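Dock chain B against chain A, hints included.
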Amino acid sequence: MNCLVCRKPFAVPWSPATLLKRDWVCTDCERMLTPLKAGCPRCGHPTADGVTCSDCVRWLALGLDLTVHSLYAYDESGANWLHRYKFGGDVALAHQVQEMLRQTREPRVMYVPIPLSEERLRTRRFNQAEVLAKMIGPTKQVLVKSEVSSQRELGKEERRHRANPFTVHTLPHCDKIVLVDDVYTTGTTLHQAALTLRRAGVEQVSAVCLFRTLNKSKMCPI
Amino acid sequence: MGQLIVSPVGTPAIRFGVCQRCLSTDTRSYTCYHGQCRYCRNCLHLGRVCQCDRLTEADITTPLAATDLVMPFELSDEQQHVSRQLLAWWETRTSGLVHAVCGAGKTEMTFPVIARAVNDGKRVLIVSPRRDVGIEWADRLERAFSVPITRRYGGGNKETIGMITVATAPLLVNLRHVFDYVLVDESDAFPFAFDLTLWRTLRRAGKGLFLFVTATPTVWQRQFPTVHLSRRYHGHDLPVPRLVRETEQAILDFCRQYEASPRLLFVPTKPDLVRYGELLEANGFVYKAVSAETDERTDVLEWLAAMNGIVLATSIWERGMTVTGVHVAVLDSSHALFSSRALIQMAGRAGRKPTAPTGDVVFFYEERTFRQDKAIREIEEANRR
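Sequence order for the protein chains is A and B. Per numbering that gives the first Met the number 0, the first sequence starts with residue 0, numbered consecutively. Per numbering that gives the first Met the number 0, the second sequence starts with residue 0, numbered consecutively.
Isolated chain A, as found in the complex (with noise of 0.2 Å):
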C-alpha cells in the first residue's frame, strides 16, 4: 500500500480493516502533524494547565463569546501540510485527519463551512473548508462572502478592524450551528461570522478548526 501523504510503499498490517480503508498514512507521515492538547477552553491554544488565553480574553472583552474546537498545532510541518492541500490542491490529503475530524461530531448539528468568495472559488477550484465540513457531518453552505483582499499579509490589528465580509444566504433547521474552518490565527474570521449567525437569529454557534497558530510571544512549548 503507498502512502496517502509521501506516496511511498509501505506494510499495511493485516485486518478486514485493510479492505474497507483506502487511504493509508504511514507512521513517519501521521506524526508530522502534532495533535493539541489540553490548553485553553475557548480555542484550544496550549496554556498552562487551562486557564483561557489573552487572546481569548481580548475577544470575551468585546463581548464575543465563541468556543473553537482545534484539533492541530499549525506548526512549520502543519503549514506545509495545509500549504498542498489548499494552494497545491491536492484534495486528497484530507482523508489523512478524517478520523480525527469524525471525533467531534455532534448529533443534530449542522456544519458550516466558512465560505470563500466567487472569484476565489473559481481559482481555487474548491473551498478546503467545505471539504473539511463534509467529512465531519451534515453540511449546508448557509454564509456568502463578499470579494474582499487575502487576510495573508495583515497583522493582528488590521485583520481585527475589517469589515464584517459575510452575509446570511438561507437558514437551516437544526438545533446548532458548527462552523468549520482551516487555520484560525487572530480569529477574526470565526467570530465575524459567528456574530452574522447570532444576529440572524441562530442561538448556539460553535466552530471546529483544523489548525491553531501558535502565538510565539507567549513562552508555552507542546
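Simulated from the structure, these hints should not be mistaken for lab results. Misleading hints may appear alongside valid ones.
No more than 30 Å apart at the CA atoms, straight line, and that leaves these computed lysine-lysine pairs for DSSO-like [what the hints assert, rightly or not]:
1. A/K7 x B/K352
2. A/K7 x A/K139
3. A/K7 x A/K175
4. A/K85 x A/K144
5. A/K144 x A/K20
6. B/K373 x A/K85
7. B/K352 x B/K373
8. A/K133 x A/K85
9. B/K206 x B/K269
10. A/K139 x A/K175
11. A/K7 x B/K157
12. A/K7 x B/K121
On a predicted model such as this, the values are computed, not experimentally measured, just so you know.
Showing chain B alone in chain A's frame:
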C-alpha cells in the same frame, strides 16, 4: 507537437479516470466549484489538472540554431569507429544500442552525432536516470557545444525545450513528440528498469528514434542494432573483481590496505549504511555515508577525492561518477538487490582515469551467487574481446 498546457480548448485532461498528461490512474474525485470532478495526484508537481481542464499542445517557441563542436579530446580509433557508426545510424534514422564498458568515454563518443543532428535542425534529448548524472552530462556538453544546453531536471529550468535538452524522465511527462533524437543514458538503471510508465513517457516525448547507451544492456535492448566497445579509452583492462569471504577483519584489512587512496564501499540497503558505519567507526576510520537522501552528494564526492576518505554508498552511486584512483568494495555482494548488472557497474567505478588506470575491486560475500559469477565472467569477457 510540443508541451501540453491547460487551455480553454482541447481534449479533456482526465478521461475514464486516466490522466491524459501522465497516464496515471491515480485520480481522485472531489467537489469542484461546479460539482463532482476528478484531479490527478500523480502529476501535481506540474500544476494540477482537473477533469474540467482541457489540454492542448503548445508550439515550441525556441528557435532552431546551429552549433559548433569542440571535442574535449581526440577520439581514439575504437571510439571513432563507434562514433562513425552512430552517424550512419542517424543518416538512416535507425535506433541503436551502444554497448560500451564502464569508462569507455561514452559521453564524448556521442558528441559528433549530437552535433550533426542539431545542425540538421533537429532537437536532441538526453535522458539520464539521475539528476547527478544529468548535471555531469550538461556540464560536459556545455564545454563542447556552442548552443545553450537546456537543463530540464529538478533545480534546473523545468519549462523550456532547447536544441539540446538534458532531462530526467519525470519532467518529460507533459511533452509530446518533441525530440527527433533521444539519447537514453544508462537506460537499464533504476527508474527505467522497473517503471514501464517512465518508458512510455519517454516514447511519447520522442519521435521514435532512440539511442541507448549503456555498459549493461538488458535483453530487450539487445534487439536493437548494437555497436560494441570493450576497451576503455586509456586502453587498459577493466579491473576484474576479487571474491573475498566477508568477515569484519577482511573489510578492515581492505580499508587499511589502501590508506593512501579513496575507498568506496557499496552496501545494498540504507540500514546497512549504519551497520557497516558502526563497524568502521569502532575501528577508528572516518567515513561518510551516501544514499538517495543525502543532499550534498557532490560535496561528498569532492571530499572523497581530496581527502582520500572512505565513503559508504548505496547503489545511488553505482553509475555516472568518477573518482581518480578509487578502490571499490561491494559489501554483502550476495544480496538480492545487487544484480549482475549493478555489480558490473560498481566494479566499473575503479580505474577510470588514465593517471590511475587500475584499481582494486573486491566483492565481499557471505554466499556465492550466480550474479557475482556472471558479473565477473562478463568483465573478463570484455577484457578478452
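How the hints compare with the structure:
For the suggested pair A/K7 and B/K352, the alpha carbons sit about 38 Å apart, so the restraint of at most 30 Å is broken. For the hint pairing A/K7 with A/K139, the CA-to-CA distance comes to about 36 Å; that exceeds 30 Å, so the pair is violated. For the suggested pair A/K7 and A/K175, the alpha carbons sit about 42 Å apart, so the restraint of at most 30 Å is broken. Distance hint between A/K85 and A/K144 is fulfilled; the C-alpha atoms sit about 18 Å from each other, no more than 30 Å.
This hinted pair does not check out: A/K144 and A/K20 have alpha carbons roughly 36 Å apart, beyond 30 Å. Among the hinted pairs, B/K373 with A/K85 is inconsistent with the structure: their alpha-carbon atoms are about 52 Å apart, more than 30 Å. Note on B/K352 and B/K373: the hinted pairing holds, with a Cα-Cα distance of about 25 Å set against a maximum of 30 Å. In summary, the hint linking A/K133 to A/K85 is supported, as the alpha carbons are separated by about 16 Å, within the 30 Å threshold.
Restraint check for B/K206 and B/K269: the C-alpha separation of about 39 Å exceeds 30 Å, so the hint is violated. Simply put, A/K139 and A/K175 have alpha-carbon atoms about 12 Å apart, close enough for the 30 Å limit, and the pair holds. The suggested pairing of A/K7 with B/K157 holds, with an alpha-carbon distance near 24 Å, which does not exceed 30 Å. Annotation: proposed proximity of A/K7 to B/K121 is violated, straight-line Cα distance about 38 Å (limit 30 Å).
When the structure is compared with the earlier hints, violations turn up for hints 1, 2, 3, 5, 6, 9, 12 and for no others.
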